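For the record, the sequence lines run as chains Y and G.
Just so we're aligned: 145 in my numbering is position 143 of the first sequence, and the numbers increase by one with no gaps anywhere.
Just so we're aligned: 261 in my numbering is position 276 of the second sequence, and the numbers increase by one with no gaps anywhere.
These are computed hints drawn from the structure, not numbers from a lab.
Chain G regions said to be covered by chain Y (calculated; three or more residues, Cβ under 8 Å):
hint : segment
1    : 158 to 165
2    : 168 to 176
Over 12 Å on every C-beta distance to chain Y, these chain G residues come out as not near it, computed from the model:
hint : residue
3    : I22
4    : W27
5    : L28
6    : D31
7    : A33
8    : R39
9    : P43
10   : G75
11   : A78
12   : V82
13   : L109
14   : M119
15   : Q125
16   : A233
17   : V245
18   : I246
Keep in mind the model is a prediction, meaning the values are calculated, not measured.
For every residue, glycine included, the Cβ atom is placed at its ideal position computed from N, Cα and C.
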Amino acid sequence: MTDNSPLLGVNGLTIRGGGRTLVDDLSLAIGRGERLGLIGESGSGKSLTALAIAGLLPTGLRAEGSLKLDGMQVIGARERDLRSLRGRASSTVFQEPLTALDPLMKLGRQLAEPLRRRAQRDGERMSRDTLLRVIHSSLTDVALPDPDRIANSYPHEVSGGQRQRVALAMALATNPLLLIADEPTTALDVTVQGEILDLLARVVAERQMALLFISHDLAVVSRVVDHVVVLKDGVAVERGPIAELLRSPEHEYTRSLVAGARAFDDALGRIS
Amino acid sequence: MTAVVALEAITTATRRRRSWTLVVGLVLFGLVLATAIVSLFWLPYDPADTAGSRLEPPSLAHWAGTDRLGRDLATQLMIGARIALAVGIGSVAIGAVIGITLGLVAAFAGRVLDDGVSAFLDILIAFPTLLLAMLIVAAQGASLWSAVLAIGLAMSAIIARLTRILAKRILALDYITASRTSGTGMWGIIWQHLLPNVWPTILVNLALQFGLSVIAEASLSYLGLGAPPPNSSWGRMLKEAEGTVLTAPIGAIAPGIAIVILVLGLNLIADGLRDIGDPLRRVSARAVPAPTTEGPR
Ligand SMILES: Nc1ncnc2c1ncn2[C@@H]1O[C@H](COP(=O)(O)OP(=O)(O)OP(=O)(O)O)[C@@H](O)[C@H]1O
Ligand SMILES: [Mg+2]
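Bound-form chain G, shown alone (with noise of 0.2 Å):
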């Protein structure tokens, strides 16, 4: 329901007021997207191939060079695509679930039970992602799987307080009173009036969030606290590549051009998301704060 108003706004409104920052985002997003489903079924070099020559500069036979090992860079690349989505979807679906979910307890609940649940946030968003990582990874050891999890659980964090505060704003706007005393009840509020007009903001965020995620996870692969060794994260190439950045620069250029495709992607696609998301909410967008740029840190 809520996914069908959000698409019609987005559709009706690119149509017009043509964005061009969301198109930009979309068809830079699009390209990583791309990659990432071609490497599925398709890549230049086995990635455990080290036949190549070392430290490769790019060339027809390698398009991004090779690694110290002899091992294809575009390869890496390209599974480092289904690395940084799959760590982008996965964190900003838990990110979403719980995030929501909290910020509409705390915003329903009385004040007893409101009040623990920020004092609980503030705290989360207060720790470090990578302490967070840390301890995650010390329960369950380092995967894919723990940073998904760390990243998700912080992100959680700032989707709840944001999804609290709209929502608390929207709960005592007249329609939502007005509504309930025509006997509406408590998941009708939510499920017609309070996620179509949350939606929108949370939308802006969560593109913004998994963009923050992606350098997230950047970072934690660097540290050794992501994906191990056979996946080849971008933030895992980075590491790889530190101790030759200054005779071979690919190996730390070609991952950082990656990485800053995908973010500014995303970033573009939020902004472009809240530019339409204005003009329909002519009404109620004086009320409703910019959103966030918190992120894991």
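Chain Y with its partners taken away, still in its complex shape (with noise of 0.2 Å):
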């Protein structure tokens, strides 16, 4: 692998399924360490593109096109070599933090699982003392209080901004190189939106991760990424750094978004 290659290059990818092109020939990349935002309104294949960077399309759809993720080609890799690849490369984040957790399984245990598998990865050997301490650090990372606590806890004794903290570390937890996050925040009210958000691009930022920020609300995109992607019916249809885009809007469907940031913004603005 070349050192200007791209962490994940996604080159004229186009999804079908039951008889409609999904995705139609989307191009992006991301660095290492640089933040994407992708955006577009509910349909618009935001998810799916996330599901082909993991290689995990529902059954029924397929993919096209170049998507390469640390070097690997994802499309058509088999899914032993993408296993390995998942977690090392990339993790996701989802956007309903309570269906993105076992209900059965205490939220400790869930994130000792990826947990435990980086360390394996890594070559470590993992004590159970070791898996505390490091089960109880990943959740004061995401500013959780009472760690104890709420690793002791199954999901749904706990609220939904931290049902969302423990999906944050728990993608973090095998310290992916790039963070996928689908709509982490859609869930969630508008203060504990804010604080997630907060969050995210502070750890991001701290652990030099490259992340892609799926939304669609160019308010919440513009607050952790600088770059975005525009994506309607399953076309890029506009690109480029976000002040610009706020600025000088190109596309319709990117005005109407602007505007739509706007009067969000003056809301806030007329609420403080």
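Assembly of the complex is requested from the two constituent chains, each provided in isolation within its own frame, with the hints serving as guidance.
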């Protein structure tokens, strides 16, 4: 792998299923430590793109084109090779923190799973005490109060914001090169949303992780990334630095997004 | 692992919310279990002892009376408890192992294999247990083992179909995808997420099926397709009491009550398990269908 090849290089990604083209000729690149926003309305193909990167498209959907993650071609790769790529090269935080956690497993045990796998990958032997300590510190890292209580709770025993922090801790646990966040704050109320976004921006910067941030909300995206790709009906209609996009949106769809974000900001300004 | 999870779930939940159905069910089941265990060490009479007078009503010497050969009915009932439990445990073991395995294979398989397995299960479920039992008896001869095999196979089709539906539903949930995106493999998914989440529902169904298998064994024995003569299964006792049911009704009533006690106990256990399974799954309970009540016919 040469130094100038990006961490994630998507070239002409096309996803088809059920006789429809769901993502059409999408190209994007994310370098190590870079952050990119993928923005688009509901049904525009954002989540499918995220799943394609992990090589986890639902059965019945087919991807074409090229999708290289850390030098490996994901499309058409064997499940075995993909498994060693997942977690190490990328992991994902999902929109709905309640369904993204196993309802029957205590949060500490769920978090232990990726932590143990990373230790195994790095050839470390992890004793029980070390594991407990690492669980504690992972939960502290995502600013959870009382980590020991949280670790000992089931998902339904903690709040939505706390659950999403645990989900984030789990995604971070394998120390991936690329973190994919698929609308991680949509299900949360506005204040919690802000806290999680700040937390996300901070941990990604601290660990120099690359970030693919997916949202339908330009105001939210602009808090964590500086470059965006705008997706509409599976087609990338506009891309560039977010400041530029806000100043002079070219595509009509982008303009409506910007107007929406302005109205949201104004409303916030009026409240505060 | 899963057993530990289930056990933990059961103990914590019983402590939190006393489930009376579970308690009563366990008492009834325990009664039959204790009888079966005692029968291994002690019986009031030798089962072949025909010294008693014939068709005697219950007395201190013969608690449940005697049959038309003068054998002690209480003795036969105790042996019958042993047989009922052996058949139940054996067929549930066969049903659970084959059923869960087949269900998981179908859930993970590609379209073609999944369709194939589903079609096979539909045929097996449509196939009357009686016919299956006759085929197995024709091949192997009538024995307890033939009955267990027939009931177990019929049960495995039902458990397989249930497992497949539950597993498919759970595999489509976000936490499975989330776990896979961080690199968990198929076995990790099965052991850590899938089995613990489908197990409570399957357990409830196994308890129900256990009860149905007792009835199925009684029917097979009644038809002469179960345990051959020296084994006094409850179904066989019913058959032998057939001719004297009007003159000495105890011969039919006693095994009938025994069957009711065991089946009722198992159904109450299933109900109780379902009750205490619920609060634990506040989240996913809605997604899990009520257990099916079909059984071997
Ligand atoms: N398994 C599937 N089979 C067929 N079509 C699918 C499947 N999954 C998603 N789609 C379709 O693909 C399109 C894009 O879906 P996707 O989930 O990527 O949207 P999204 O941009 O993430 O939307 P949202 O903001 O609502 O999450 C939608 O029209 C959806 O109906
Ligand atoms: Mg989505």
